[in-house]
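Number of protein chains: 2
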Amino acid sequence: MAKRVINFYAGPAGLPLPALERAQAELLDFENTGMSVMEISHRSKEYEAVHNEAISLTKELLAIPDNYKIILLQGGGHLQFGMLPMNLLYKGRKADYICTGSWAEKAFKEGKIVAGDDARCIATTKEEKYARLPRREEIKVNADSVYVHFTSNNTVEGTQWHSFPETGSVPLVCDMSSDFLWRPFDVKPFGLIYAGAQKNLGPSGVTVVIIREDLLAQCLDKELPSYLRYRIHVEKNSLYNTPPTFGIYILRNVLAYNKSIGGLAAIEKNNRKKGELLYGCIDRYAGFYKPFVTVPGDRSLMNVDFFLPTEELTDAFVKGAKAAGMVGLKGYRDIGGIRVSMYNAVTVENIQTLVAFMDDFAKKNAQ
Amino acid sequence: MAKRVINFYAGPAGLPLPALERAQAELLDFENTGMSVMEISHRSKEYEAVHNEAISLTKELLAIPDNYKIILLQGGGHLQFGMLPMNLLYKGRKADYICTGSWAEKAFKEGKIVAGDDARCIATTKEEKYARLPRREEIKVNADSVYVHFTSNNTVEGTQWHSFPETGSVPLVCDMSSDFLWRPFDVKPFGLIYAGAQKNLGPSGVTVVIIREDLLAQCLDKELPSYLRYRIHVEKNSLYNTPPTFGIYILRNVLAYNKSIGGLAAIEKNNRKKGELLYGCIDRYAGFYKPFVTVPGDRSLMNVDFFLPTEELTDAFVKGAKAAGMVGLKGYRDIGGIRVSMYNAVTVENIQTLVAFMDDFAKKNAQ
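Residue numbers (the numbering used here), protein chains in the order written: chain A, 37 to 403; chain B, 37 to 403.
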């Protein structure tokens, strides 16, 4: 038996153990092919079955309507930051961006590289260090926008949109890298969704993109290098070039596991329970554990940032947790303090363990 | 013990068994971290050690001078087809392309998408179905070229440059996806080399790029989306964004194995022996096994295309080989016949097994 720690990394992050055990068992001989899944041609029927299952499980888990296409790409969120405006912002077409954290800001910056002032920031909470989300009345969507880009969960700052921005007839485009599949949601207001796999879905190196047909029809085509065209990947079912086969295989394993435990409704229930436990503890010791996020309704159920009274206590917390088998708790460099990332693979029991440690730590160290 | 087949796929392809066994053994607990290597933050010291070892082993195996930078990207050869001209062909800067097969043609086509007529095809053997490489006197390099692009091994057609094109002071740029590290070579005439990992190096989803400082200094910068800039990846040691950590880990395992068996000199010796055995057999039954490549000096030691007298015999060959534990021999769709891909992980013994089968098959079926 491998000795496993409790993994609170912000990404790459922990994956469900059964998905990894399945990979380990067949790493040298995938389904009696006599090869590892990473050694098989991407044109073989054995690989194509995995590939198509990953796509169909995504569709099934989210109940995605038929007018959406699901593609699997490389390059992570960063490449999407560029591909999105390259495909959609040309000849003066404009888009709006909502800036709610350092990742949202990067997406906007890349939009400006491609489209200049045609990429517009319509709301930001930067002056408040992104410690809350913009309120509804702070967001004014431009009617001439091709899309409104936002980031559903802000990994660094620990805020999360619990109800999505309302943009009327302008399609939402969303970077869901850090909370994709944490719960069911209605995809219909979205024109495009993208998510790097390395938080909730699988290893780094795979990006899921979901694109609605009307937005796809507007994408630039022959003027762009082929790999950067959404349409070519849709037309070729993400087999235009050699896809990251092993990453997609692990994604398939994770999605199949998600389905086996009851799908996104069951996963949401777990995630809400984890949030209640952890935020309950933080609020119980409000003078000792100080949350970064200022508006409770904006708190993320994926990434939880808080501070301890001193640097010494922060270090002692990280070290003590590590000694108790919990890793990845050190806060992001620009913010400091503690960050607990609790993606789908973190269990309720894992959070109970953390909360017991936090209870004990607060009792021993709070004045 | 996993039952393994002999894998002649053109890519993704077989990997050295010890590299995979190492991955399997520690898939749930990498170096006593209590996590899979794919679950660890890319900013952790444990992952960074793997990352840096992959880069330093590449440098060591090829004896790459210090004025070259090695980066690890995503998107495969296809993204490089676009990134290369996006970085280097701007404001009327021109480049030459040598077209020697369907992959070389794709690279040229993408060059034209980015640079229009500033990307120039200076030699092609398309009219001869790419069944040979251009002769030295057929290649006229333009003095105003920023680079001359070529494809060192033509995976589909089965030709390989055994001595590289001579381009004077114009730097070579090479797609080495299908024969990188098959032997030692002098990198000094090269301005840039790229190779998708899925043939000789590891799983799909990782691309090795080697770039010389003088070419790097000419790359476009702030005008390009960040992921598409070579310079940003060099400056950030390929950690600008989350790299494909598991793929890089397998690359590290393969490179470490390559070193352990005597490095590229030993690998070249094996590859030459494999070529002698297989081409020896084809030539022994010259009327029965008919090679696609017309010039013996252009024959590839990585991919070997040949035809049998009839479709029925071709099918019987593929089926018979499969029954004998050999897979991936069906020819590429545009060419037909048989293709034997024998990258580094294919052993001399594997080729002896194939040749014994071919001897037997020819004796039974040749008239």
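Mixed in with the good hints, there may be bad ones.
One copy or two, it doesn't matter: identical chains are merged, so the pair holds either way.
Stated by the list, open to error - Lysine to aspartate or glutamate pairs mimicking EDC-like chemistry, simulated, CA-CA at most 16 Å apart: (1) LYS258 <-> GLU271; (2) LYS176 <-> GLU164; (3) LYS165 <-> ASP370; (4) LYS142 <-> ASP65; (5) LYS224 <-> ASP154; (6) LYS272 <-> ASP257; (7) LYS165 <-> ASP351; (8) LYS148 <-> ASP257; (9) LYS39 <-> GLU62.
Keep in mind the hints are simulated off the structure, nothing from the lab.
Hint-by-hint comparison with the structure:
| no. | hint | result |
| --- | --- | --- |
| 1 | LYS258 <-> GLU271 | within (14 Å within a copy, 31 Å between copies) |
| 2 | LYS176 <-> GLU164 | neither (19 Å within a copy, 61 Å between copies) |
| 3 | LYS165 <-> ASP370 | within (10 Å within a copy, 57 Å between copies) |
| 4 | LYS142 <-> ASP65 | neither (41 Å within a copy, 34 Å between copies) |
| 5 | LYS224 <-> ASP154 | neither (25 Å within a copy, 44 Å between copies) |
| 6 | LYS272 <-> ASP257 | within (14 Å within a copy, 31 Å between copies) |
| 7 | LYS165 <-> ASP351 | neither (23 Å within a copy, 66 Å between copies) |
| 8 | LYS148 <-> ASP257 | between (20 Å within a copy, 14 Å between copies) |
| 9 | LYS39 <-> GLU62 | between (20 Å within a copy, 11 Å between copies) |
Of the numbered hints stated above, those contradicted by the structure are hints 2, 4, 5 and 7, listed in ascending order.
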